[in-house]
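Number of protein chains: 2
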Amino acid sequence: MKNFALKGDIIYTPEPGKFRCHEDSYLVCGDGKVKGIWRELPERFSGIRVEDYSGKLIFPGLCDLHIHAPQYSFRGIGMDMELLPWLETYTFPEESKYGDLEYAKKAYEIFTEDLRRSATSRVNVFATIHREAAVLLMDLLEKAGICGFAGKVCMDRNCPDDYREEDARTSAEETRKWYETVKDRTMMRPILTPRFLPSCSDELMEQLGKFQRETGLYVQSHLSENPEEVEWVKELAPWSENYGDAYDRFGLFGGTAKTVMAHCVYSGKKERALMKARGVYAAHCPQSNLNLSSGIAPVRTMLEEGLHVGLGTDMAGGASLSMLRVMTDAVQVSKMYWRYLDKKKKPLSAPEAFYLGTKGGGSFFGQVGSFEEGYEFDAVVLNDASLGTALDLQMDQRMERAMYLSGTEEITAKYVGGRKIFERL
Amino acid sequence: MKNFALKGDIIYTPEPGKFRCHEDSYLVCGDGKVKGIWRELPERFSGIRVEDYSGKLIFPGLCDLHIHAPQYSFRGIGMDMELLPWLETYTFPEESKYGDLEYAKKAYEIFTEDLRRSATSRVNVFATIHREAAVLLMDLLEKAGICGFAGKVCMDRNCPDDYREEDARTSAEETRKWYETVKDRTMMRPILTPRFLPSCSDELMEQLGKFQRETGLYVQSHLSENPEEVEWVKELAPWSENYGDAYDRFGLFGGTAKTVMAHCVYSGKKERALMKARGVYAAHCPQSNLNLSSGIAPVRTMLEEGLHVGLGTDMAGGASLSMLRVMTDAVQVSKMYWRYLDKKKKPLSAPEAFYLGTKGGGSFFGQVGSFEEGYEFDAVVLNDASLGTALDLQMDQRMERAMYLSGTEEITAKYVGGRKIFERL
Numbered sequence: 099m100k101n102f103a104l105k106g107d108i109i110y111t112p113e114p115g116k117f118r119c120h121e122d123s124y125l126v127c128g129d130g131k132v133k134g135i136w137r138e139l140p141e142r143f144s145g146i147r148v149e150d151y152s153g154k155l156i157f158p159g160l161c162d163l164h165i166h167a168p169q170y171s172f173r174g175i176g177m178d179m180e181l182l183p184w185l186e187t188y189t190f191p192e193e194s195k196y197g198d199l200e201y202a203k204k205a206y207e208i209f210t211e212d213l214r215r216s217a218t219s220r221v222n223v224f225a226t227i228h229r230e231a232a233v234l235l236m237d238l239l240e241k242a243g244i245c246g247f248a249g250k251v252c253m254d255r256n257c258p259d260d261y262r263e264e265d266a267r268t269s270a271e272e273t274r275k276w277y278e279t280v281k282d283r284t285m286m287r288p289i290l291t292p293r294f295l296p297s298c299s300d301e302l303m304e305q306l307g308k309f310q311r312e313t314g315l316y317v318q319s320h321l322s323e324n325p326e327e328v329e330w331v332k333e334l335a336p337w338s339e340n341y342g343d344a345y346d347r348f349g350l351f352g353g354t355a356k357t358v359m360a361h362c363v364y365s366g367k368k369e370r371a372l373m374k375a376r377g378v379y380a381a382h383c384p385q386s387n388l389n390l391s392s393g394i395a396p397v398r399t400m401l402e403e404g405l406h407v408g409l410g411t412d413m414a415g416g417a418s419l420s421m422l423r424v425m426t427d428a429v430q431v432s433k434m435y436w437r438y439l440d441k442k443k444k445p446l447s448a449p450e451a452f453y454l455g456t457k458g459g460g461s462f463f464g465q466v467g468s469f470e471e472g473y474e475f476d477a478v479v480l481n482d483a484s485l486g487t488a489l490d491l492q493m494d495q496r497m498e499r500a501m502y503l504s505g506t507e508e509i510t511a512k513y514v515g516g517r518k519i520f521e522r523l
Numbered sequence: 099m100k101n102f103a104l105k106g107d108i109i110y111t112p113e114p115g116k117f118r119c120h121e122d123s124y125l126v127c128g129d130g131k132v133k134g135i136w137r138e139l140p141e142r143f144s145g146i147r148v149e150d151y152s153g154k155l156i157f158p159g160l161c162d163l164h165i166h167a168p169q170y171s172f173r174g175i176g177m178d179m180e181l182l183p184w185l186e187t188y189t190f191p192e193e194s195k196y197g198d199l200e201y202a203k204k205a206y207e208i209f210t211e212d213l214r215r216s217a218t219s220r221v222n223v224f225a226t227i228h229r230e231a232a233v234l235l236m237d238l239l240e241k242a243g244i245c246g247f248a249g250k251v252c253m254d255r256n257c258p259d260d261y262r263e264e265d266a267r268t269s270a271e272e273t274r275k276w277y278e279t280v281k282d283r284t285m286m287r288p289i290l291t292p293r294f295l296p297s298c299s300d301e302l303m304e305q306l307g308k309f310q311r312e313t314g315l316y317v318q319s320h321l322s323e324n325p326e327e328v329e330w331v332k333e334l335a336p337w338s339e340n341y342g343d344a345y346d347r348f349g350l351f352g353g354t355a356k357t358v359m360a361h362c363v364y365s366g367k368k369e370r371a372l373m374k375a376r377g378v379y380a381a382h383c384p385q386s387n388l389n390l391s392s393g394i395a396p397v398r399t400m401l402e403e404g405l406h407v408g409l410g411t412d413m414a415g416g417a418s419l420s421m422l423r424v425m426t427d428a429v430q431v432s433k434m435y436w437r438y439l440d441k442k443k444k445p446l447s448a449p450e451a452f453y454l455g456t457k458g459g460g461s462f463f464g465q466v467g468s469f470e471e472g473y474e475f476d477a478v479v480l481n482d483a484s485l486g487t488a489l490d491l492q493m494d495q496r497m498e499r500a501m502y503l504s505g506t507e508e509i510t511a512k513y514v515g516g517r518k519i520f521e522r523l
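In order, the protein sequences belong to chains A and B.
If you read the first sequence in the numbering used here, its first letter stands for residue 99, the second for the next number, and so on.
If you read the second sequence in the numbering used here, its first letter stands for residue 99, the second for the next number, and so on.
Please keep in mind that the hints were generated in silico from the structure rather than gathered at the bench.
There are no misleading hints in this set.
Repeated chains share a single entry, so a pair holds when one copy, or any two copies, can fit it.
Derived pair list, reagent style BS3-like, types lysine-lysine, alpha-carbon separation capped at 27 Å:
#, residue 1, residue 2
1, K154, K203
2, K441, K332
3, K105, K116
4, K367, K441
5, K154, K204
6, K444, K374
7, K518, K131
8, K195, K275
Every value quoted in this text rests on a predicted model; they were computed, and no experiment measured them.
Just chain A, same shape as in the assembly (with noise of 0.2 Å):
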């Protein structure tokens, strides 16, 4: 792959407090990686394609670290349950069609595509527990030339007839065969899925802790999202300490076995001084635990606290696929923690919740979220000139406003790992 440059108006973080801006600069691509940034190009690039995206905003991919791929056809609808019962209404239910091939191409096309021309270039995505549509899901990303993890889902307890894996053996000998299509894969990998403690009997995560083991797969799954979640745990698994421990016990969270997590919500003290011990993820969805009721997660204190934080839009418990606007619902909810929950937390600003969508949850994925020498070159070109205003605006402040304004048409092209996957023509 050759060199190239990106010309407009280059923003990132690459610390969390404040934006880092350069106007009308160059950002140069060398092996999918960036290389640097200028104002003039440098005599060693002369020649180079240029892409000139003058007056644009040009930031980082976002990356989205919590997305459930079949629940996109019911996103924005069934808005009135907290999340156990939604799981049995809405969930269950439509998940439980993608053993149907021909149903599972029609869905995922469509979610495929919508994400392709979104903001969003890396991904952690739950499938269903179909191996088949599983594999369908990671090819039709990498058509779509989004990169990240995808996991089939286990669950063998706690769910419908009609939606449940036969038995633990059956779970983890699925798992594995899945594991075996696509395990070479370099663009959409394979990530160990338990769907959440309460769906996955003891068996089975003994099973899927042994095949972390042997395969170092990363790990995805849900903690401490809602009250009712939590004491269901508890009475799940009494021999745990809390529920981010009952993962712990079978080697399922962290260290070894790199991990994020969903929500946090009610993640307390001793939950979060585990979590940052072993180095666990907190997927930070503001969106879905206002749609579900289940709260505001503590994120001013686990960023105290050094845990590594990142964002996700939980599609479709969050009903947007945009992650700039999970961002500004990121800030939003910060401001009612801080007014209902603890003054002592200042409520996020607009470029804290930027890093978070991007450098925060990007290292999950390698060197992805910055524009720093040596990062994924991951690119977003968006057009805000459709976003009118009298004033003459800084870089920063035009950001602040993409986050809260653009839809999908501002959206004029994202390069993922220096490829060029989208362009409005």
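Fit chain B to the known structure of chain A by using the hints.
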């Protein structure tokens, strides 16, 4: 104005709890009013013009009970403060510019054009203290086809020297002059607009009360938005029982002075009882209340107590001009109210929020916000085909999705008072 009909999937909420759906039907307009809805066009309407929007949603124009037009320029930025410092830092400096009619024209043209393309048909708008710019804003809104109320802002204390009316007499006189210019308008009608109690001296309030009794003007202002503001009002009006009562002492709180008050986040039992007794409308602005860290208004309580409640963007406390978005914000914050403030207060449902944004707030403007016979013919056509899904959805589900997911580009056409004011070609 002749009869005509719109054909499509017609949906509205004559009552709060449930959508009423008429699939593939005709919505007939006569003399700017709704005549009715029919599956087949009755013989007496045979031969009338039919606008064919088959397959698209048709719902009542949305009613934004609270917008600050001059703040549109800085929407989506400056989200790092609470109300009072936010006013000093961002709002007053921007509003002070509207003494320059050229700047006002440039900024208001952007605002009114975006409003024309939105799903909003009726508005209550704050201008600035500048009489001529307020008239210009009304001109531009009428040219854009929007109906409702607009007010020259009155303020003579606790604001910067370059953005304050000289004294109570000057403010009242300017208001009289402005009223004389615009009193005969039928689309954008004048409304008395004391900014909020802290900005208006007792003398000014007295003069405005007197002027209201002479003219019968409606009134718009702010109420109990932020804890520091509420405390400040206690200091400024120690003779009042509560913030609402402070307005009431001057005759500017409902009764014969039909009144809408924005926010009411901290309206206690007595204040709400006074609102109910006086028929005062609450303009619930959930997005603004999030952005300015204000809090969550007790909307369920207000509805139980029989208060008039509508929705507002509170541009630019709210960043988005979309009233569909505000409806979903209202649902989301009501869930946090339930979770953290009062488990007895059931969250709002989608059709309840839709009702508030249409018929609930619409009654401030007259027979507005429904498709019942005799209502103003305000109708929005929305093409939800771009919101892909593998499912076959019911109409009420499509409407809920449109609330959560649609941006400006899904708005296909808009009618206000029987007049087509926007169509996407």
